[in-house]
Amino acid sequence: AATKLASAEKLMYFCTDQLGLEQDFEQKQMPDGKLLVDGFLLCIDVSRGMNRNFDDQLKFVSSLYNQLAKTKKPIVVVLTKCDEGVERYIRDAHTFALSKKNLQVVETSARSNVNIDLAFSTLVQLIDKSRGKTKIIPYFEALKQQSQQIAAAKDKYEWLVSRIVKNHNETWSNVSRKMQSSPEYQDYVYLEGTQKAKKLFLQHVHRLKQEHIERRRKMYLAMLPQAFEALIPDLDEIDHLSCIKVEKLLETKPDFLKWFIVLEETPWDATSHIDNMENERIPFDLMETQPAEELYEAHLEKLRNERKRAEMRRAFKENLETSPFITPGKPWEEARSFIMNEDFYMWLEESIYMDIYSKHQKQIIEKAKEEFQELLLEYSELFYELELDAKPSKEKMGVIQDVLGEEQRFKALQKLQAERDALILKHIHFVYHPTKETCPSCPVCVDSKIEHLISSRFIRPSERNQKNLLSDSNIDRINLVILGKDGLARELANEIRALCTNDDKYVIEGKMYELSLRPIEGNVRLPVNSFQTPTFQPHGCLCLYNSKESLSYVVESIEKSRESTIGRRDNHLVHLPLTLILVNKRGDTSGETLHSLIQQGQQIASKLQCVFLDPASAGIGYGRNINEKQISQVLKGLLDSKRNLNLVSSTSSIKDLADVDLRIVMCLMCGDPFNADDILLPILQSQ
1 AATKLASAEK LMYFCTDQLG LEQDFEQKQM PDGKLLVDGF LLCIDVSRGM
51 NRNFDDQLKF VSSLYNQLAK TKKPIVVVLT KCDEGVERYI RDAHTFALSK
101 KNLQVVETSA RSNVNIDLAF STLVQLIDKS RGKTKIIPYF EALKQQSQQI
151 AAAKDKYEWL VSRIVKNHNE TWSNVSRKMQ SSPEYQDYVY LEGTQKAKKL
201 FLQHVHRLKQ EHIERRRKMY LAMLPQAFEA LIPDLDEIDH LSCIKVEKLL
251 ETKPDFLKWF IVLEETPWDA TSHIDNMENE RIPFDLMETQ PAEELYEAHL
301 EKLRNERKRA EMRRAFKENL ETSPFITPGK PWEEARSFIM NEDFYMWLEE
351 SIYMDIYSKH QKQIIEKAKE EFQELLLEYS ELFYELELDA KPSKEKMGVI
401 QDVLGEEQRF KALQKLQAER DALILKHIHF VYHPTKETCP SCPVCVDSKI
451 EHLISSRFIR PSERNQKNLL SDSNIDRINL VILGKDGLAR ELANEIRALC
501 TNDDKYVIEG KMYELSLRPI EGNVRLPVNS FQTPTFQPHG CLCLYNSKES
551 LSYVVESIEK SRESTIGRRD NHLVHLPLTL ILVNKRGDTS GETLHSLIQQ
601 GQQIASKLQC VFLDPASAGI GYGRNINEKQ ISQVLKGLLD SKRNLNLVSS
651 TSSIKDLADV DLRIVMCLMC GDPFNADDIL LPILQSQ
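Be aware that the sequence shown starts at 1, since it is given in the UniProt record's numbering, and climbs by one per residue.
Fair warning: there could be bad hints in the mix.
As a list, the in silico DSSO-like pairs of lysine-lysine whose alpha-carbon atoms are at most 27 Å apart [claimed, not checked]:
#, residue 1, residue 2
1, 330, 415
2, 359, 396
3, 154, 144
4, 144, 196
Pair ranges (Cβ atoms, derived) [to be verified]:
#, residue 1, residue 2, range
5, 243, 352, 30 to 36 Å
6, 51, 212, 51 to 57 Å
7, 194, 8, 31 to 37 Å
8, 11, 211, 48 to 54 Å
9, 244, 318, 35 to 41 Å
10, 51, 166, 38 to 44 Å
11, 151, 351, 55 to 61 Å
12, 374, 318, 23 to 29 Å
13, 243, 452, 57 to 63 Å
14, 451, 301, 54 to 60 Å
Just so you know, the hints here were simulated from the structure itself, not pulled from any lab data. Glycine is no exception: its CB is placed at the ideal position from the N, C-alpha and C atoms.
The task is simple: from the sequences and hints, build the whole structure.
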């Protein structure tokens, strides 16, 4: 209760946490070691203490108050620990304050930071009467205001964190520096402290990480059915396997590593793989999770259902083929009751059965028409007595129908009477006007097939001369494909262009040729990398390599290109002149490697039946100027090959039909299945 204190050369401290750790905090001494006391905060603990009687505490406080009152200094009664306060203790404390000259009472909680500032400011106002009177707020009302203030500050701080922190790999030290000057950060730290601010940051980062992992998991699970479709599409292979055995089976598949990645550490969502955005393959340990097992079961069920639906389609089609009630032209509504059962409705929609039925009807109608046409040919005497160009009378049509009526082939078209009558009229027209156009078997009429074959396979003299003129006019142009991966093709193309004139002309033996280059470095099965286009017909190909990989690429590309033209009339790519060239890697002086590549190149050149040039013979090196003489020799060789190809194509064609006295006698019924090529080509070629 003293009002004058002396503590010379003592350090001030703000809380007991600093005791024993003074060196870690700001060093600040009390002024002159002397301190005058201007007022007192008389604290009463209103919580339920262990082994402590509140009445005894109140007696001690009353005695203490009597000592403080003698100083004539202002006194404020402070009720502490109100967050755990006992209602009776609080009430008794207020009664005590009223009995002592109506002392002002401030209800506080240091742990909740409620009314702490208010307690001091109330005492300051009593000491300095010039200050405005402070309004004392009860604890629970102050707590409510404090909670609202903290909640508002928390919302603003969380907004700030969400705006700044977008990546779950952010660190607190880095982010706290960025937020240091933001009022949202400062207000929340003032109210709740740095540790709580850091805790909210860590919660936000954890949430970002979980969201990121969940996005990756959803992506993997979305890919999993596709992986199952690609690797295990056969139901017989997996129908009775457990998930563990299926995992082992997946690992044996050739394309396993195309879809999955096996991680050294698991689970995948606790490793750095979650941040490997370039690798979208599915972590294999994901297969051990419940969602993956459910997807596998769904895949299995899907295969079983597909098999069952296929069985239903087959069974339904067999029903159609064996049922005596399904006749040509019978509507679905009439046929449904004869062929449908509960199993069919269970597995497939009616529209699918209707589609199958429609296709079946089309087949049996076509077959019935063909058989009816045969019937008309068998009864040809019925049509001899008709007048030329005369439409048969009703009586004559009646006679025809009476004669044919007992035939099953006539009855088969009972529900298609209009089409049956049309076939009779068409047959009558053919009998009196037998031409290709009126032939019932058109367009498989023998006359039509022979004309089409001759017009498409053999060239008339005028057409051949015109083609030769076109070939001759194109002989001054060289279309060159340059094939090589990893920039080899484009590098050589640029060096060759550097030797050309401004308008891409190249001089060979004193003659100017238009040189068109097509460098290719990708998959030749794609249109963008095709050897030929509608505007580019290659005359030769330079194949470049500088490693085993690039040599393999050349071989695969040539084989793919040749395969794409097999069976086509314009299959000249099979005989396209090739030149295989080994180019040096920049800075590569390994003689052993060079010798190995030369041997491999010679073997491939022998296999492809093409010219092989190594660096020593061609003078061509990667990154070095092309020897113009060597390039001219290569182009001259391609030009000679082109001329020889034109000469062979102009002399090897079959002689014109105009020069051949060709007489072929054939006894073939129109519509009979036969291959006109097999019959006519040997005859024409022998001529």
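Now the hints, each set against the structure:
1. 330 x 415: 7 Å, holds
2. 359 x 396: With a Cα-Cα distance of about 35 Å, the restraint between residue 359 and residue 396 is violated, given a limit of 27 Å.
3. 154 x 144: Holds, because 15 Å separates the two Cα atoms, which is no more than 27 Å.
4. 144 x 196: Satisfied, since the Cα-Cα distance of roughly 20 Å is no more than 27 Å.
5. 243 x 352: 30 to 36 Å: 33 Å, holds
6. 51 x 212: 51 to 57 Å: 53 Å, holds
7. 194 x 8: 31 to 37 Å: The hint (31 to 37 Å, Cβ to Cβ) holds, given that residue 194 and residue 8 are roughly 35 Å apart.
8. 11 x 211: 48 to 54 Å: The hint (48 to 54 Å, Cβ to Cβ) holds, given that residue 11 and residue 211 are roughly 49 Å apart.
9. 244 x 318: 35 to 41 Å: Taking Cβ atoms as reference, residue 244 and residue 318 lie about 40 Å apart, which means the hint holds.
10. 51 x 166: 38 to 44 Å: The hint (38 to 44 Å, Cβ to Cβ) is violated, given that residue 51 and residue 166 are roughly 54 Å apart.
11. 151 x 351: 55 to 61 Å: Since residue 151 and residue 351 have Cβ atoms about 59 Å apart, the given range 55 to 61 Å holds.
12. 374 x 318: 23 to 29 Å: 27 Å, holds
13. 243 x 452: 57 to 63 Å: 60 Å, holds
14. 451 x 301: 54 to 60 Å: For residue 301 against residue 451, whose Cβ atoms are near 57 Å apart, the range 54 to 60 Å holds.
Checked against the numbered hints listed earlier, the structure breaks hints 2 and 10; every other hint is satisfied.
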